[in-house]
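Position 53 of the sequence shown, counted from 1, bears residue number 1291 in this note's numbering, the numbering being contiguous throughout.
Worth double-checking, as some hints may not be accurate.
Once the Cα atoms are required to be at most 20 Å apart in a straight line, the calculated EDC-like pairs of lysine to aspartate or glutamate come out as [said to hold, decoys possible]:
no.: 1; residue 1: 1292; residue 2: 1268
no.: 2; residue 1: 1264; residue 2: 1303
no.: 3; residue 1: 1262; residue 2: 1303
no.: 4; residue 1: 1292; residue 2: 1240
no.: 5; residue 1: 1262; residue 2: 1240
no.: 6; residue 1: 1262; residue 2: 1304
no.: 7; residue 1: 1264; residue 2: 1298
no.: 8; residue 1: 1262; residue 2: 1301
no.: 9; residue 1: 1264; residue 2: 1240
no.: 10; residue 1: 1262; residue 2: 1298
Using C-beta positions, here's what the derived DEER-type ranges look like [stated by the list, open to error]:
no.: 11; residue 1: 1292; residue 2: 1240; range: 29 to 35 Å
no.: 12; residue 1: 1304; residue 2: 1276; range: 27 to 33 Å
no.: 13; residue 1: 1307; residue 2: 1281; range: 18 to 24 Å
no.: 14; residue 1: 1241; residue 2: 1293; range: 27 to 33 Å
To be clear, the hints were calculated from the coordinates, so they are not data collected in a lab. C-beta atoms are modelled at their ideal positions from N, C-alpha and C, and glycine is treated no differently.
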Amino acid sequence: MEQFFAQVEVWRQNNTLLHVVFTKRKVGRETFSGRIIQLSQDQSQLLFYNVDSKSVFSLEVNEIDDINAFY
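Make a model of the complete structure from these sequences and hints.
What follows is the structure, given as structure tokens:
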């Protein structure tokens, strides 16, 4: 898990565009393209900027199914 958080921090520092697949309760599976703004102090939540809808939202780490950088 530490390797995941180290990679997240690299993506945040480099302002890397990411493709994120996640599952929200009562909503289902969704995808978006965005950037990481902040990783919470207790490392349980990530704050994202969604470039598609130009909005900011938070995801619990356990809600993320897949996250990859666009190259």
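Right, here's what the structure says about each hint:
no., hint, result
1, 1292 to 1268, "holds, 16 Å"
2, 1264 to 1303, "holds, 16 Å"
3, 1262 to 1303, "holds, 10 Å"
4, 1292 to 1240, "violated, 30 Å"
5, 1262 to 1240, "violated, 24 Å"
6, 1262 to 1304, "holds, 13 Å"
7, 1264 to 1298, "holds, 15 Å"
8, 1262 to 1301, "holds, 6 Å"
9, 1264 to 1240, "violated, 29 Å"
10, 1262 to 1298, "holds, 9 Å"
11, 1292 to 1240: 29 to 35 Å, "holds, 32 Å"
12, 1304 to 1276: 27 to 33 Å, "violated, 20 Å"
13, 1307 to 1281: 18 to 24 Å, "holds, 19 Å"
14, 1241 to 1293: 27 to 33 Å, "holds, 29 Å"
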